[in-house]
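Input sequences plus hints: build the corresponding full structure.
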Amino acid sequence: MTPHFLDLGDLGFERGAHLLVQRALGELRPGTELAVTGRDPALLVHLDAWCRKQGHQVRRAGDTDDDVRAWVTRGRTDLDRWARAERAGGPDPGGIVAKPELHWGLAARGALVEPGGPKINADLVDRDFVWADIAPSLYAHAAAAQWDPAKAVHWDAEFSVPAEIEQAVVQVMTFLVENEQAALVIPARLLARVHPHFREVLQLLAVQAADEARHVEVFTRRALLTGGEMGTSSVSGRESLTTLLTEPDFSLASFLLSVLGEGSFLNLLTFLDRHAPDPVTRQVVKLARQDEARHVAFGVAHLQHQSTVDSSLRGRLRNAVEHRHQALIASSGLNQDVFDALVVLAAGEWTPQGIERGYAAVQELQAEMDEGRQHRLVRLGFPHDEAAELSALHTRNFM
Amino acid sequence: MTLVMGAVAYDPKVVTIWGGFRAWLIEHGLPFDFVLYSHYERQVEDLVAGRIDAAWNSPLAWIRARRLAEAADRRLTPLVMRDTDRDLTSVIVVRSDSPYKDVADLKGETVAVGAVDSPQATLIPSSFLAGRGLRPGAEVAIRRFDVGVGLHGDHIGGERDAARALMAGEVAAACMIDANHLLFGREGTLAAGSTRVLAQTAPFDHCNMSVGDTVPEEVMRRFGDLLLSMSYADPQVRPLFDLEGLTVWQPGRTSGYAALETAVDESGFYDGQGAVTAAGYAP
Ligand SMILES: [Fe+2]
Ligand SMILES: [Fe+2]
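Order-wise, the sequence lines are chains H and C. The first sequence: position 18 = 18 (the working numbering), numbered continuously. The second sequence: position 228 = 228 (the working numbering), numbered continuously.
What the hints contain is simulated information worked out from the structure, not anything from laboratory work. Check the hints yourself; a few may be wrong.
[Claimed, not checked] Coverage of chain C stretches by chain H, computed from C-beta distances (three or more under 8 Å per stretch; other residues unrestricted):
#1 73-80
#2 226-239
#3 243-255
Quick reminder that beta carbons are idealized off the backbone N, C-alpha and C, glycines included.
Right, dumping it as structure tokens:
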């Protein structure tokens with residue numbers, strides 16, 4: 001009469017028999033009986049104990065039940081567990097939802113999620129606030145462009161740089177490390193606040209943090225290459241960077257750091273590439289520059305996307321610049337040692353003509369940074385005059 | 001009135017479980033709170049004295065509470081129990097390579113049991129052995145593993161230690177609940193296939209929600225109905241059920257406590273009026 005029969009052979013529950021029972025029951029409707037047989041001596045004891053916990057009923061076979069040791073009536077606990085399950089969006093970017101549920105938590109996007117469970121402690125949960133369509137391709141590009149600091153830089157290249165020029169290199173590297181550490185901490189902090197549903201954004205921020213980790217490493221290593229001692233760190237430089245760390249808003253943080261700060265950094269790295277007194281300095285700034293270009297691209301793309309859905313965005317960006325300017329108004333801005341070091345690097349020699357040339361080059365650098373910022377502000381939809389005004393308020397610390 | 005239930009804190013998860021049930025019951029309109037006890041004896045005494053309205057009782061606690069209540073002319077109701085409290089069995093396990101073929105073969109040997117107050121690992125198996133002519137302390141020696149005394153065997157430690165003693169060759173047999181034999185086999189305390197079930201007791205029941213007569217009929221019915229209505233499909237309930245180890249609440253019944261009643265009498269654990277008479281039992 002019953003077509004449902006399972007023979008466990010010698011397999012016992014201590015060795016995985018439950019998998020076969022579970023599979024056989026899975027094909028049945030609740031209330032249906034499964035005949036179970038097998039030769040494991042503890043089969044009946046363990047079948048009872050296992051079924052009790054799983055919500056299935058067991059009755060022992062009678063004398064007339066040939067070759068059957070027990071009958072299991074399928075319960076519905078496993079079905080109930082998944083009864084109200086839902087898909088956490090879809091796996092592709094097209095499957096991203098506007099507002100993922102907090103209880104989806106760490107579930108893979110597109111996974112079938114059992115309802116209930118802890119809510120993830122993420123506060124960046126709005127597609128419009130965190131997503132940019134360019135994120136997946138930027139991530140793929142970033143992952144492909146990772147380089148190994150040990151191999152990408154020829155650390156043992158032979159060079160000789162006059163002591164005072166070398167000192168300028170050390171000072172600039174010390175300054176770069178300080179900025180890179182801010183650039184490392186900020187995406188890392190944001191990452192932990194973004195709902196994992198937007199996984200490409202997390203991936204991108206993670207790679208960005210990994211980029212910065214390498215920058216910290218190579219700049220430190222270049223600073224220590226000859227003398228073994230770092231340069232100075234001024235209060236004003238750290239003040240400027242601290243205002244970046246305290247910005248809680250994802251868009252505003254990304255605007256201040258990536259669009260304005262890292263944007264200006266691109267010009268600085270180009271400048272250092274041009275005036276590098278040795279091949280190692282040139283290599284490390286070139287490598288960092290490639291990465292920074294991606295960071296700027298994501299920041300701009302993200303804010304461009306957002307400005308299309310949020311008409312108040314530009315006003316808030318403007319406020320953020322003004323607010324930071326106010327916060328730094330009493331600060332002297334750039335570390336004088338850094339400014340001087342840049343002049344010396346561009347001069348390349350301690351002569352009046354050299355210093356004049358170097359000074360002019362640094363002024364030109366500042367003009368280029370200003371131009372770059374204005375250009376990116378215009379891309380975000382600011383009119384030219386407003387872009388010029390806001391760019392002028394940017395910190396003198398570059399980042 | 002707020003129905004106040006006692007529960008024994010045998011594990012930190014008890015707070016999660018009953019805190020969760022409390023929130024659910026209150027959301028469903030039943031004022032409910034719970035207090036925690038460090039062992040069952042005080043909980044039972046407080047229940048019968050009317051200091052709490054209900055108690056989540058071990059089977060042994062139920063037996064004592066019932067005896068105390070009857071002696072004091074009070075009435076207790078076993079309102080609900082877990083589906084997993086019904087029809088449990090204990091097993092007497094030996095090493096596969098041992099010569100014992102039957103319980104009688106254990107005559108003159110040493111049998112490991114759990115804590116002095118464990119229904120499943122000590123009281124019922126000891127009574128079972130006595131019923132087969134092997135009186136503990138006479139025809140068989142008993143080696144007890146007193147872990148979590150006062151928790152009525154809720155702490156698994158005694159059973160696990162008994163199983164380890166069996167593996168170590170210190171005893172001829174060990175007593176444990178059927179589900180723990182499976183658990184120990186799967187976790188490796190007992191290597192798979194290294195033991196043999198020598199005997200299995202008849203089915204018996206475990207915990208119940210004992211409700212005192214301080215609770216109006218109406219409130220008791222509401223409490224029972226709400227518990228019985230809890231569904232494993234409810235995402236708020238399911239994690240609590242998983243922690244507490246049930247898939248559904250079922251009506252309470254007393255038909256599964258006879259073996260333990262007999263065991264309590266045989267061992268003199270409690271007297272007929274519910275006084276603690278077990279030698280050396282000090283939770
Ligand atoms: Fe960087
Ligand atoms: Fe960067």
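Evaluated hints:
Coverage of the region 73-80 of chain C by chain H is violated in this model, with 0 residues showing a Cβ closer than 8 Å to a Cβ of that chain against a need of three. Counting residues of the region 226-239 of chain C whose beta carbon lies closer than 8 Å to any beta carbon of chain H gives 7, which reaches the threshold of three, so the coverage claim holds. Only residues whose C-beta sits within less than 8 Å of a C-beta in chain H count toward coverage, and the region 243-255 of chain C has 3 of them, enough to reach three; the restraint holds.
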